[in-house]
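First to last, the sequence lines map onto chains Y and P. Each number in the working numbering comes from the position in the first sequence (counting from 1) with 1004 added on. Each number in the working numbering comes from the position in the second sequence (counting from 1) with 53 added on.
If you are wondering where the hints come from, they were derived from the structure by calculation, not from laboratory data. Careful, some of the hints might be misleading.
Pairs of lysine-lysine residues, derived as DSS-like cross-links and limited to a Cα-Cα distance of at most 27 angstroms, are as follows [unchecked claim]:
1. 1040(Y) / 1013(Y)
2. 1056(Y) / 1044(Y)
3. 1040(Y) / 1056(Y)
4. 105(P) / 1044(Y)
5. 1048(Y) / 1075(Y)
6. 1013(Y) / 1071(Y)
7. 1048(Y) / 121(P)
8. 1075(Y) / 1040(Y)
9. 1075(Y) / 1044(Y)
10. 1048(Y) / 105(P)
11. 113(P) / 1056(Y)
12. 1040(Y) / 159(P)
13. 1023(Y) / 1013(Y)
14. 1013(Y) / 1075(Y)
15. 109(P) / 159(P)
16. 1023(Y) / 1044(Y)
17. 159(P) / 1044(Y)
18. 1045(Y) / 1026(Y)
19. 121(P) / 105(P)
20. 1013(Y) / 109(P)
21. 1044(Y) / 1013(Y)
22. 113(P) / 1045(Y)
23. 113(P) / 159(P)
24. 109(P) / 130(P)
25. 121(P) / 159(P)
26. 1048(Y) / 1023(Y)
27. 1026(Y) / 159(P)
28. 1023(Y) / 1075(Y)
29. 130(P) / 105(P)
30. 1044(Y) / 130(P)
31. 1013(Y) / 1026(Y)
32. 1023(Y) / 1071(Y)
33. 1056(Y) / 1071(Y)
34. 1045(Y) / 130(P)
35. 1013(Y) / 159(P)
36. 1056(Y) / 1026(Y)
Just so you know, these numbers come straight off a predicted model, no measurement behind them.
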Amino acid sequence: DTAVSQTPKYLVTQMGNDKSIKCEQNLGHDTMYWYKQDSKKFLKIMFSYNNKELIINETVPNRFSPKSPDKAHLNLHINSLELGDSAVYFCASGLAGGRNTGELFFGEGSRLTVL
Amino acid sequence: GNSVTQMEGPVTLSEEAFLTINCTYTATGYPSLFWYVQYPGEGLQLLLKATKADDKGSNKGFEATYRKETTSFHLEKGSVQVSDSAVYFCALLLSGGGADGLTFGKGTHLIIQP
């Protein structure tokens, strides 16, 4: 039973399209994150949510909009896709506040290719 | 700000060689330190961690010691295997409560040849 699952695993689309990536965790964690990994493997945090509330919103274009319907789900919607959005997007979950041990559980990633 | 610097790869070694991957950090407070590993086609997973100075984290034959005086957390393994080929990320966490994210280094790609 996968702890953090993301769909789709691969996504190929044209510039200008709108797409979504879904993430679900069954670990009972309070906090979920989206990270972007570029072609050089550099990881950058994009967003974090704690109990459906946005906590971290790094400098990302407002074409990226996270949505958390409940604390087990954090979806990423991207409008007007650009070539530079091509990357692997990782969802992760963990504990928050005083229970934040720094251990994050990552999904397998969603590879987005914008043509 | 907080940052993590690690040696750039790829690092290529022969099986059974000794491994060191350097990691240094800058932080405005007293962080916890981590090594994460990413095997091909997978997400990251925690390899080991240390939460205070002089702590040693260890797992799967890998070790790293939290050195506050040199702000370092170098990863070592005495005898690497082909299955250790992966990308290794050093990271820090400054816990001020809430949903603080990890700050990652740029990753070091390790290639072990038989």
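* To do: Mind checking the alpha carbons of residue 1013(Y) and residue 1026(Y) for me, to see if they're no more than 27 angstroms apart?
  => Holds: residue 1013(Y) and residue 1026(Y) sit about 10 angstroms apart, inside 27 angstroms.
* Does residue 1071(Y) lie within 27 angstroms of residue 1056(Y) when you go C-alpha to C-alpha? -> Given that 27 angstroms is the threshold and the Cα spacing comes to 8 angstroms, the pair holds.
* To do: Measure nothing beyond the straight line between the CA atoms of residue 113(P) and residue 159(P); if it is 27 angstroms or shorter, mark the hint as holding.
  => Roughly 22 angstroms between the alpha carbons, so the hint for residue 113(P) and residue 159(P) holds.
* Are the Cα positions of residue 1040(Y) and residue 1013(Y) separated by 27 angstroms at most? -> 14 angstroms, holds
* Asked: Is residue 1044(Y) close enough to residue 1013(Y), meaning Cα to Cα at most 27 angstroms?
  -> 19 angstroms, holds
* For the pair supplied as a hint, residue 121(P) and residue 105(P), confirm whether the alpha-carbon distance does not exceed 27 angstroms. => Distance of about 8 angstroms is within 27 angstroms: holds.
* Given the proposed pairing of residue 1013(Y) with residue 1071(Y), does the C-alpha separation stay at or below 27 angstroms? -> 19 angstroms, holds
* Is the straight-line distance between the alpha-carbon of residue 1045(Y) and that of residue 1026(Y) 27 angstroms or less? -> At roughly 21 angstroms apart (the allowed maximum being 27 angstroms), residue 1026(Y) and residue 1045(Y) satisfy the hint.
* Quick one, are residue 1048(Y) and residue 1075(Y) close enough, alpha carbons at most 27 angstroms? -> Within the cut-off at roughly 22 angstroms; holds.
* Asked: Taken at face value, is the distance from the CA of residue 1045(Y) to the CA of residue 113(P) at most 27 angstroms?
  -> 23 angstroms, holds
* To do: Sort out whether residue 1044(Y) lies within 27 angstroms of residue 105(P), counting only the CA atoms.
  => With Cα atoms ~31 angstroms apart, residue 105(P) and residue 1044(Y) exceed 27 angstroms; violated.
* Asked: Quick one, are residue 109(P) and residue 159(P) close enough, alpha carbons at most 27 angstroms?
  -> 22 angstroms, holds
In summary, the numbered hints that this structure violates are 2, 4, 9, 11, 20.
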